[in-house]
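**Q** Residue numbers (the working numbering): 127 to 682.
No wet-lab data here; the hints were simulated from the structure. Keep in mind that this is a model prediction, so the values were computed, not measured. Please note that the accuracy of each hint is not assured.
What the hints assert, rightly or not - 30 Å max Cα-Cα, derived DSSO-like pairs, lysine-lysine:
id: 1; residue 1: Lys-361; residue 2: Lys-169
id: 2; residue 1: Lys-420; residue 2: Lys-377
id: 3; residue 1: Lys-331; residue 2: Lys-315
id: 4; residue 1: Lys-539; residue 2: Lys-467
id: 5; residue 1: Lys-169; residue 2: Lys-259
id: 6; residue 1: Lys-539; residue 2: Lys-334
id: 7; residue 1: Lys-272; residue 2: Lys-361
id: 8; residue 1: Lys-220; residue 2: Lys-598
id: 9; residue 1: Lys-323; residue 2: Lys-220
id: 10; residue 1: Lys-308; residue 2: Lys-169
id: 11; residue 1: Lys-660; residue 2: Lys-537
id: 12; residue 1: Lys-463; residue 2: Lys-323
id: 13; residue 1: Lys-463; residue 2: Lys-401
id: 14; residue 1: Lys-169; residue 2: Lys-334
id: 15; residue 1: Lys-539; residue 2: Lys-408
id: 16; residue 1: Lys-420; residue 2: Lys-467
id: 17; residue 1: Lys-259; residue 2: Lys-331
id: 18; residue 1: Lys-220; residue 2: Lys-408
id: 19; residue 1: Lys-401; residue 2: Lys-539
id: 20; residue 1: Lys-463; residue 2: Lys-361
id: 21; residue 1: Lys-377; residue 2: Lys-326
id: 22; residue 1: Lys-377; residue 2: Lys-272
id: 23; residue 1: Lys-537; residue 2: Lys-506
id: 24; residue 1: Lys-259; residue 2: Lys-220
id: 25; residue 1: Lys-401; residue 2: Lys-323
id: 26; residue 1: Lys-272; residue 2: Lys-326
id: 27; residue 1: Lys-539; residue 2: Lys-326
id: 28; residue 1: Lys-580; residue 2: Lys-220
id: 29; residue 1: Lys-315; residue 2: Lys-408
id: 30; residue 1: Lys-334; residue 2: Lys-308
id: 31; residue 1: Lys-334; residue 2: Lys-323
id: 32; residue 1: Lys-508; residue 2: Lys-580
id: 33; residue 1: Lys-377; residue 2: Lys-598
id: 34; residue 1: Lys-259; residue 2: Lys-272
id: 35; residue 1: Lys-220; residue 2: Lys-463
id: 36; residue 1: Lys-660; residue 2: Lys-644
id: 37; residue 1: Lys-580; residue 2: Lys-323
id: 38; residue 1: Lys-361; residue 2: Lys-377
id: 39; residue 1: Lys-537; residue 2: Lys-315
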Amino acid sequence: MKKLNHLIKYSLLITVLICGNACTKLDEKAYDTLLTNNFYNNKNEVLSAVLRPYTHANAWVTPSGQDGWWRPSELSADQLAWPTKGRHGEDGGKWKRLHYHTWTNDEGGINNAWSLMYWGMGLCNDPIENINKLDLNRMGITQTEKDAYIAELKLLRAFHYLKLMDLFGNIPIVTQVGIPAKPPTVARKDVFAFIEKEIKDNVDKAPKLSRDMLGRMTQAGGYAMLVELYLNAEKWSGTPRWDDCIAAANKLINGEAGGQNGAMALDPNINDQFKPTNDLSKEVIFSISYEFQKANFQPSWTGEFYHFQQQFIYGGSRNGNDGVVLIPGVYTTFDDKDLRKTGWLLQGPMIRFDNHQPVIATGGNEYDGQQLVFVDNIRKNKVAAQNGTDPNALPSTMSEGEENSGVRFNKYKLGNQVAGFGGIAPDPNYNNTDWNIYRLTWIYFAKAEAIMRKNGGTATAEAVQLINDCKKRAYSDADWAAVAYTPATLTLNELLAERGREFIFEGFRRDDLIRFGKFSSASWWDHQPSNANKELFPIPQQQRALNSALTQNPGY
């Protein structure tokens, strides 16, 4: 059972008290919006305030259907895109501007990301202030519990700042609601130092990861943040911190920060971290937790990835906006024997889950009345078929898609709600799949990269072992020997490619490209090199109009 969701109903009940329309009203300076303190009257209400930032994080850190951290992190990189498909997906050109790195300082989506993330930070500041000043003894809350709540919230606040710094670099730091009213911009290296201190001061005061802390910030989440901080330290602070990255990674690899289900370990199966019962995974470190049957709180990423008729493919009730797809050619970077290619990606003719008959497209789009077939290209294939011409001769750009263009997301599985062909029973855990923020595989990769960077970019036996331990799960025993890495084959470029395969859809690709020096200098599909200033997003003009103390990032 997912402990967080037994409690989250209290958080949902007081959402209106805390933030009203917080997840959609984005035209304010979120860091100076005053929150009520009238509901800290008993232990359940205090706990609700502690949990509230997690429900809000669903909106900004996952592919939630909102413009948070995930969309600019992935749709500006070289693996995923949201192209125009016929009459759908133009959306004012916002996805094209992300893809081509032509965004401006008044992008609504970038402003929404800023606002959502700062609002979440405010949802941490408010309970930190109130819990610190309240007499919690009368509520049956011990000093130990109080200290743990504060440490958890400060770590979670640091997580917000880490992701804000990731996107925007130079940002204001606010630790009290509404004070100061117009906080000034702080240099990225100083934001880095603030985040590092916050984590180090609180990580050992927070609870260790356990079943009871599933979906919440713990010591394990704190050390994972340090791994991310130090992995990107050269870009984020100007100074490489490879030894510190390795030391933080070892805390997790050695099991010193607890585990979600006993001792932390790599899952033996590549799908265990992405199925409806992934709360049973041993390698998940921090996640956004869902339990639809008990809390009516469900994953939001279906709108981002699913086709209009997706429910028939999976035997569920969730459809989407036919949005995010793989950039043409990314699919072929996966070896045909790689189980991630068949397990995490959706390509080819689509079959109904309930009867194994073709999924027929409807709705008046290009392939209305025909079987839905997802293809590894984005161009006007139907026009080519009608004209009897070679589709490869037609342009392939963000503007030329059709309903079936692009290989699709199949990494996270919601399960099935209806009975399936061949007597498959409905899944009692349907719609419960947690979204992983950090998992142990990512820590293994980060440690391996730090070792290689220290060694002049050359893999050591230890780095190779770390990556092979993860990659081996993606191949059968018969195929493994031919694809296992050696110190000669695990180059930095190959590590970047393998990171792309292993962490596709997980939000880290932009950072990877920046760290490897390719984000603004490389070409992919129809994207041409941009300018180095694009490694940071602009401080939204809407925010600068509200706060004159904000300084714009260079080049905007």
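**Q** Hint by hint, where does the structure go against what was stated? Just the numbers, ascending.
**A** 1, 2, 7, 8, 9, 10, 12, 16, 18, 20, 24, 25, 27, 28, 29, 30, 32, 35, 39
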